[in-house]
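Could you build the full structure based on these sequences and the hints that come with them?
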Amino acid sequence: MSEIRSELKYASSHEWARLEEDGTVTVGISDHAQDALGDVVYVETPEVGQTVSAGEEAGVVESVKAASDIYAPISGEVIAVNESLEDEPETVNSSPYDDGWFFKIKPSDESELDKLLDADAYKAENDD
Amino acid sequence: MGNKTALYDAHVAMGGKMVDFGGWDMPLHYGSQLEEHHKVRQAAGMFDVSHMTVVDVDGESARDYLRTLLANDVAKLDGNPGKALYTGMLNEKGGVVDDLIVYLRDPGYRVVVNCATREKDLAWMNAQAKAFDVTLTERPHLAMVAIQGPEAIGKVKQVLGIEWTAAIDGLKVFNSVSRGDWFVARTGYTGEDGLEIMLNNEDAPGFWHALADAGVAPCGLGARDTLRLEAGMNLYGHEMDDDTSPLQANMAWTIAWEPEDRQFIGREALEQEKAAGVENKLVGLVLEERGVLRAGQQVVVDDSDRRGIITSGTFSPTLGFSIAMARVPVTVGDTAQVEIRKKLIPVRVVKPSFVRNGKSLV
Chain E
1 MSEIRSELKY
11 ASSHEWARLE
21 EDGTVTVGIS
31 DHAQDALGDV
41 VYVETPEVGQ
51 TVSAGEEAGV
61 VESVKAASDI
71 YAPISGEVIA
81 VNESLEDEPE
91 TVNSSPYDDG
101 WFFKIKPSDE
111 SELDKLLDAD
121 AYKAENDD
Chain B
129 MGNKTALYDA
139 HVAMGGKMVD
149 FGGWDMPLHY
159 GSQLEEHHKV
169 RQAAGMFDVS
179 HMTVVDVDGE
189 SARDYLRTLL
199 ANDVAKLDGN
209 PGKALYTGML
219 NEKGGVVDDL
229 IVYLRDPGYR
239 VVVNCATREK
249 DLAWMNAQAK
259 AFDVTLTERP
269 HLAMVAIQGP
279 EAIGKVKQVL
289 GIEWTAAIDG
299 LKVFNSVSRG
309 DWFVARTGYT
319 GEDGLEIMLN
329 NEDAPGFWHA
339 LADAGVAPCG
349 LGARDTLRLE
359 AGMNLYGHEM
369 DDDTSPLQAN
379 MAWTIAWEPE
389 DRQFIGREAL
399 EQEKAAGVEN
409 KLVGLVLEER
419 GVLRAGQQVV
429 VDDSDRRGII
439 TSGTFSPTLG
449 FSIAMARVPV
459 TVGDTAQVEI
469 RKKLIPVRVV
479 KPSFVRNGKS
489 LV
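Heads up: the protein sequence lines correspond to chains E and B, in order.
Per our numbering, the very first residue in the first sequence carries number 1; after that it's consecutive.
Per our numbering, the very first residue in the second sequence carries number 129; after that it's consecutive.
Since the hints were derived computationally from the structure, they do not count as laboratory data.
You may find that some hints are simply not true.
[Unchecked claim] DSSO-like, lysine-lysine: derived pairs with alpha carbons at most 30 Å apart:
1. E:K106 <-> B:K471
2. B:K258 <-> B:K204
3. E:K104 <-> B:K204
4. E:K65 <-> B:K132
5. B:K300 <-> E:K65
6. E:K65 <-> B:K145
7. B:K479 <-> E:K65
8. B:K145 <-> E:K123
9. B:K487 <-> B:K300
10. E:K65 <-> B:K248
11. E:K65 <-> B:K471
12. B:K471 <-> B:K409
13. E:K104 <-> B:K471
14. E:K104 <-> E:K123
15. B:K221 <-> B:K479
16. B:K300 <-> B:K479
17. B:K204 <-> B:K402
18. B:K211 <-> B:K258
19. B:K470 <-> E:K65
20. E:K65 <-> B:K409
21. E:K106 <-> B:K470
22. B:K470 <-> B:K409
What follows is the structure, given as structure tokens:
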């Protein structure tokens, strides 16, 4: 069974979002998603300064098997991207919730986080 | 629930991630496709290929039948029992019904075709067989294990012991040797040296576990695909299909035009295509920027309005960048562009063969 962290919010499209103490939101993909993708070999992140809307394409993660779009779970401005993924995309597999984060957003509307799934709801969606 | 090979329980016990493949429950990988890929390039890995279809062709007219059915000429095998031939089996339009290996047995022949095309292939082979005194017999009791990599043959000899050592040592590339139901061929699909071994279903799990104990890594279909693509080997349904002729699929070398009076199925269509000028060819593409080439992406060739298409694309674990095979207009030069997510990305055009015996060819 893949790991689902209770303190995170999730999109049905398998991104997670974590509200940090400074009010920014860190985004990555779930353990379930990295496991389904297999070995990750390439990550394309959005540009710093770019504005993204909730549910909009914000990057691509490619495994040996397939390419998958990454969607912004909430709206806001991209204020940082994880540059280490350029040289070590496999970090997404080994540490999806920590070192393998994708980008950070300064949210335009923090209440959008409430529209995302909590851990139980995400687990229920992916139990089959 | 799909069909299960004799090794299904072994795959599950070893942690194989099972997926449906042409109606069979097969391992995609056992944890990391990349590690399995590297193991084959650097040491030895093994694949369960029991889902492939083995058909023995016997009878008075077996040779004549296969000389009509196949684009390559089984007469090349005459007098060399055990020898193998790679060929296309074509339809009347010159499209590829399937690609296959045919071995000369003594007497008779053995044909190994793909699993996803099994029913189509058998229907076609049976339909063509009506005009000949020939018997086609499927061999579902046979499992098939491919052991590939620089250490593969040594590991197999270690497991099979002294009884087989001399036979395997004497085995040339694209040749086989059989004893009872054991059929050992020096063939493969990875660009490495190795063996493909057919054996009784009952013997397969024991053999598989003995190979694992000898240090041969179990490998899934995922690694098989990246390895074959690096090796520039065609996959049915990607590089060729019922509507694609071997002339457009880098398979011209498998067509035996001589002798001229051998009327194999599809010959006329191929001759017409050749006379009219073949429009497309299969090339290799190398992406030197970051990103991954994928099947279905369009290829823009400078002096042609017609676009090409990527037939197979992936990240090459051995090379560390993305490679692809593509069917493109024959006017293609040394470079082209691939449309990836609406952007045109430059690629280098190479021969469709990227890695052989662990070494880069690009």
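Hints and how they fare:
no. : hint              : result
1   : E:K106 <-> B:K471 : 28 Å, holds
2   : B:K258 <-> B:K204 : 24 Å, holds
3   : E:K104 <-> B:K204 : 64 Å, violated
4   : E:K65 <-> B:K132  : 23 Å, holds
5   : B:K300 <-> E:K65  : 34 Å, violated
6   : E:K65 <-> B:K145  : 14 Å, holds
7   : B:K479 <-> E:K65  : 23 Å, holds
8   : B:K145 <-> E:K123 : 20 Å, holds
9   : B:K487 <-> B:K300 : 21 Å, holds
10  : E:K65 <-> B:K248  : 27 Å, holds
11  : E:K65 <-> B:K471  : 21 Å, holds
12  : B:K471 <-> B:K409 : 24 Å, holds
13  : E:K104 <-> B:K471 : 25 Å, holds
14  : E:K104 <-> E:K123 : 24 Å, holds
15  : B:K221 <-> B:K479 : 27 Å, holds
16  : B:K300 <-> B:K479 : 26 Å, holds
17  : B:K204 <-> B:K402 : 23 Å, holds
18  : B:K211 <-> B:K258 : 26 Å, holds
19  : B:K470 <-> E:K65  : 21 Å, holds
20  : E:K65 <-> B:K409  : 25 Å, holds
21  : E:K106 <-> B:K470 : 28 Å, holds
22  : B:K470 <-> B:K409 : 24 Å, holds
In summary, the numbered hints that this structure violates are 3 and 5.
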